[in-house]
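Trainee: All chains, please: the whole structure from these sequences, using the hints.
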Amino acid sequence: MILVIAEQKDGQVNRASWEAIVAAQQTAEPVVVVVAGQGSAAAAADLAAAQVTEVVAIDGPGLAQYTADGFTAAYAQVVAERQPAHVFIAHTYQTRDFAPKLAARLDRSILTDCTAVKAGTPLTFVRPMFQAKLAADVAIEGPAPHFVTFQIGSFKVDELAKGSAPAPVVAVSAAVDIVRQQPDAPFREARQAVDLTQAERIVSVGRGIKAPENIPLAKELADALQAELAASRPICDAGWLPMERQVGSSGQTVAPKLYLALGISGAIQHVVGMKGARTIVAINKDAEAPIFELADYGIAGDIFEVVPQVIAALKA
Amino acid sequence: MKIAVCLKQVIKRDSTLRVDDARTWVRDADAEFEMNEPDAYALEEALRLKEQHGGEVIVVSAGPARVQTVLREGLARGADRALHVESDALAQADAFAIAGALAAAIGPEQVDLVLTGLQSDDQGFAQVGVVLAEKLGIAHATIIMEVKVEGGALRVKRELEGGWFQWVGLPLPALLTIQSGINTLRYATLKGIMAAKKKEIRRVDAPAGVAPRQKIVSLYFPEKTKQTRMITGSPADAARELVRVLREDARVF
Ligand SMILES: Cc1cc2nc3c(=O)[nH]c(=O)nc-3n(C[C@H](O)[C@H](O)[C@H](O)COP(=O)(O)OP(=O)(O)OC[C@H]3O[C@@H](n4cnc5c(N)ncnc54)[C@H](O)[C@@H]3O)c2cc1C
Chain A
1171 MILVIAEQKD
1181 GQVNRASWEA
1191 IVAAQQTAEP
1201 VVVVVAGQGS
1211 AAAAADLAAA
1221 QVTEVVAIDG
1231 PGLAQYTADG
1241 FTAAYAQVVA
1251 ERQPAHVFIA
1261 HTYQTRDFAP
1271 KLAARLDRSI
1281 LTDCTAVKAG
1291 TPLTFVRPMF
1301 QAKLAADVAI
1311 EGPAPHFVTF
1321 QIGSFKVDEL
1331 AKGSAPAPVV
1341 AVSAAVDIVR
1351 QQPDAPFREA
1361 RQAVDLTQAE
1371 RIVSVGRGIK
1381 APENIPLAKE
1391 LADALQAELA
1401 ASRPICDAGW
1411 LPMERQVGSS
1421 GQTVAPKLYL
1431 ALGISGAIQH
1441 VVGMKGARTI
1451 VAINKDAEAP
1461 IFELADYGIA
1471 GDIFEVVPQV
1481 IAALKA
Chain B
1040 MKIAVCLKQV
1050 IKRDSTLRVD
1060 DARTWVRDAD
1070 AEFEMNEPDA
1080 YALEEALRLK
1090 EQHGGEVIVV
1100 SAGPARVQTV
1110 LREGLARGAD
1120 RALHVESDAL
1130 AQADAFAIAG
1140 ALAAAIGPEQ
1150 VDLVLTGLQS
1160 DDQGFAQVGV
1170 VLAEKLGIAH
1180 ATIIMEVKVE
1190 GGALRVKREL
1200 EGGWFQWVGL
1210 PLPALLTIQS
1220 GINTLRYATL
1230 KGIMAAKKKE
1240 IRRVDAPAGV
1250 APRQKIVSLY
1260 FPEKTKQTRM
1270 ITGSPADAAR
1280 ELVRVLREDA
1290 RVF
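Chains A and B are the protein sequences, given in the same order.
All the letters of the first sequence, read from the start, carry residue numbers 1171 to 1486 under this note's numbering.
All the letters of the second sequence, read from the start, carry residue numbers 1040 to 1292 under this note's numbering.
Heads up, some of the hints might be wrong.
What the hints assert, rightly or not - Below, computed lysine-lysine pairings styled on DSSO-like, alpha-carbon distance capped at 27 Å:
#1 A:K1445 x B:K1265
#2 A:K1427 x B:K1263
#3 A:K1455 x B:K1089
#4 B:K1174 x B:K1196
#5 A:K1427 x B:K1041
#6 A:K1445 x A:K1179
#7 A:K1303 x B:K1237
#8 A:K1303 x B:K1265
#9 A:K1288 x B:K1265
#10 B:K1263 x A:K1455
#11 A:K1288 x B:K1237
#12 B:K1041 x B:K1174
#13 B:K1041 x A:K1303
#14 A:K1445 x B:K1263
#15 B:K1041 x B:K1237
#16 B:K1051 x B:K1254
#17 B:K1089 x B:K1238
#18 B:K1238 x A:K1303
#19 A:K1303 x A:K1326
#20 A:K1179 x B:K1196
#21 B:K1041 x B:K1196
#22 B:K1263 x A:K1326
#23 B:K1265 x A:K1326
#24 B:K1041 x B:K1089
#25 A:K1380 x B:K1051
#26 B:K1265 x A:K1455
#27 B:K1089 x B:K1174
#28 B:K1238 x B:K1041
#29 A:K1288 x B:K1263
To be verified - Computed, partial: chain B to chain A, Cβ under 8 Å:
#30 D1133
#31 P1147
#32 G1220
#33 F1292
In case anyone wonders, no lab produced these hints; they're calculated from the structure.
Source: prediction; values computed, not measured.
Yeah, the Cβ is synthetic: ideal placement off N, Cα and C, and Gly gets one too.
Mentor: Printed below as a string of structure tokens:
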């Protein structure tokens, strides 16, 4: 049996959790889904639409808000009771926060950020290595349960198998004794002055730009294309462009007509923020860079040689 | 405050990677290595906390003899001493084994705070810190963008998805996984490099009997699934062709 740990907020199931259910369904093993916290009853009612054998909703004192200690204790109880062969979870920020602890609590390892499952005995899991430049097939050894997390977007929600009738929902109350984290309510920083989500064209710079002195080159290209300037995270971390121009999982999600990536490798956390662009162009000196996997058009070249020529061609 | 910082040595970011003959790891015999970037931010945060609150910063690494280079670099930037869990097997180990090795070194030190980077640039597990916290029996928080010490406890700013954040209170001792960009890195000064030569790197035995839990069956270049049109030619020719296809085929302006 595969136990899928689903994530919810105010009763709303996280989209990535549906993907984890799809991953579990595609193994042909029976699937049980568990969801914890305030709102888990509402989420469980939605999750029961999936073709699974059971949905478990855990609530109780100490689970009102998400904390690593609270959720680890709650899920450890269910995993210990149910003895699944595998535990599947979407690789969200929340999962990164508690799942390694949960596995370690049960003296198990956890294989994170997988993108596919390969059938066979045992199952093997595909995951990116070296910033997605390589991929590995990995087998998990030792006693069950084997914990696995899946990169967001690796499975398609529209492939979810729905049941002919809702799956049974079981409510469990968890005994959570010690919670050391005291979380405040989530917040956003002050309203952003730049709204990249509305931009028709975006020129985005990555670490390939090398130095802040070179940003004006990208700006000149952006101006010639009447595009907004954006960046990968390291550029904003270094203060070369303001945070509000960052694209990716911790920045803005954009969907312009044109996204031109200059010296950006194509890390997943960047890609989730721009893969919805209609036409993607990448200029990168490394012909193997993962960004080319996504690009419609690519130039394997040095931005300092190519970009001035693109500006010239636009002005011609 | 006594702070331990875990440093991983990883293959340099822009290296050309080649798969080894066994097809389970990269050829790293003549590779260049560097300090894992988020770990460098963790070290900087530890040095700043020491400057504000006093105490000691201990850098810790688990891996083959070569990882002493990053420990020495940490000492040059201002850490006081170093612990090295030496083992060749740890170079490619899974996160559970690495966390076990780090716990063996850090446990007896009875530190107030452990900092790690949030994930490594090589295997990218994003879990060593969290597993280590569980093994040490201390509270943790992940993806941290700001650390405040208030009245013997911590207030930390966690990064959430899509531009959201959250402040979390934690008792000490605690472990935090640090996100890149939390601060501005300092580099070692000549004086720091000289001083580092006299600082101690103490060897700690790797814990016995930590069997690997995960096995890389095969390592390979991912298959391309998308038909990217690669535009070749001189920079000038490629640029002209790019502008043409964007105008005429993609019609993006
Ligand atoms: C929790 C978390 C959240 C994150 N959130 C985000 C996010 O929101 N947004 C984001 O972008 N990242 C985010 N990251 C970071 C992400 O994982 C990558 O580290 C980052 O996107 C890499 O940026 P980059 O592509 O600019 O740099 P690198 O990966 O260093 O790539 C630089 C590229 O430039 C190329 N290059 C170098 N010189 C030249 C040249 N002269 N000409 C042409 N090409 C050149 C290189 O070949 C390389 O491909 C996050 C990471 C984590 C762990």
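Trainee: Has the given pair, K1427 (chain A) with K1263 (chain B), been kept, meaning a C-alpha gap of at most 27 Å?
Mentor: holds, 23 Å
Trainee: When the nearest CB of chain A is found for F1292 (chain B), is that gap smaller than 8 Å?
Mentor: The hint holds - F1292 (chain B) has a Cβ within 8 Å of chain A, the shortest such distance being about 6 Å.
Trainee: Sort out whether K1326 (chain A) lies within 27 Å of K1303 (chain A), counting only the CA atoms.
Mentor: holds, 23 Å
Trainee: Is K1265 (chain B) close enough to K1326 (chain A), meaning Cα to Cα at most 27 Å?
Mentor: The hint holds at about 17 Å.
Trainee: Given the proposed pairing of K1041 (chain B) with K1089 (chain B), does the C-alpha separation stay at or below 27 Å?
Mentor: Status holds; Cα separation ~8 Å.
Trainee: Between the alpha carbons of K1427 (chain A) and K1041 (chain B), is the straight-line distance 27 Å or under?
Mentor: Cα-Cα ~52 Å, so violated.
Trainee: Holds or violated: is there a CB of chain A closer than 8 Å to the CB of G1220 (chain B)?
Mentor: With a minimum Cβ separation of about 3 Å from chain A (threshold 8 Å), the hint on G1220 (chain B) holds.
Trainee: So if I understand the rule, the pair passes when the alpha-carbon distance is 27 Å or less; does K1288 (chain A) with K1265 (chain B) pass?
Mentor: Roughly 21 Å between the alpha carbons, so the hint for K1288 (chain A) and K1265 (chain B) holds.
Trainee: Given the hint that K1380 (chain A) pairs with K1051 (chain B), test it: the Cα-Cα distance must not exceed 27 Å.
Mentor: holds, 16 Å
Trainee: Are the Cα atoms of K1179 (chain A) and K1196 (chain B) separated by 27 Å or less?
Mentor: Holds: K1179 (chain A) and K1196 (chain B) sit about 20 Å apart, inside 27 Å.
Trainee: Hinted pair, alpha-carbon criterion (27 Å max): K1051 (chain B), K1254 (chain B). Please report holds or violated.
Mentor: OK: K1051 (chain B) and K1254 (chain B) at ~24 Å, within 27 Å.
Trainee: Against the 27 Å threshold, does the CA-CA distance of K1263 (chain B) and K1326 (chain A) hold or violate the hint?
Mentor: holds, 19 Å
Checked against the numbered hints given earlier, this structure breaks hints 3, 5, 7, 11, 13, 18 and 31; the rest are met.
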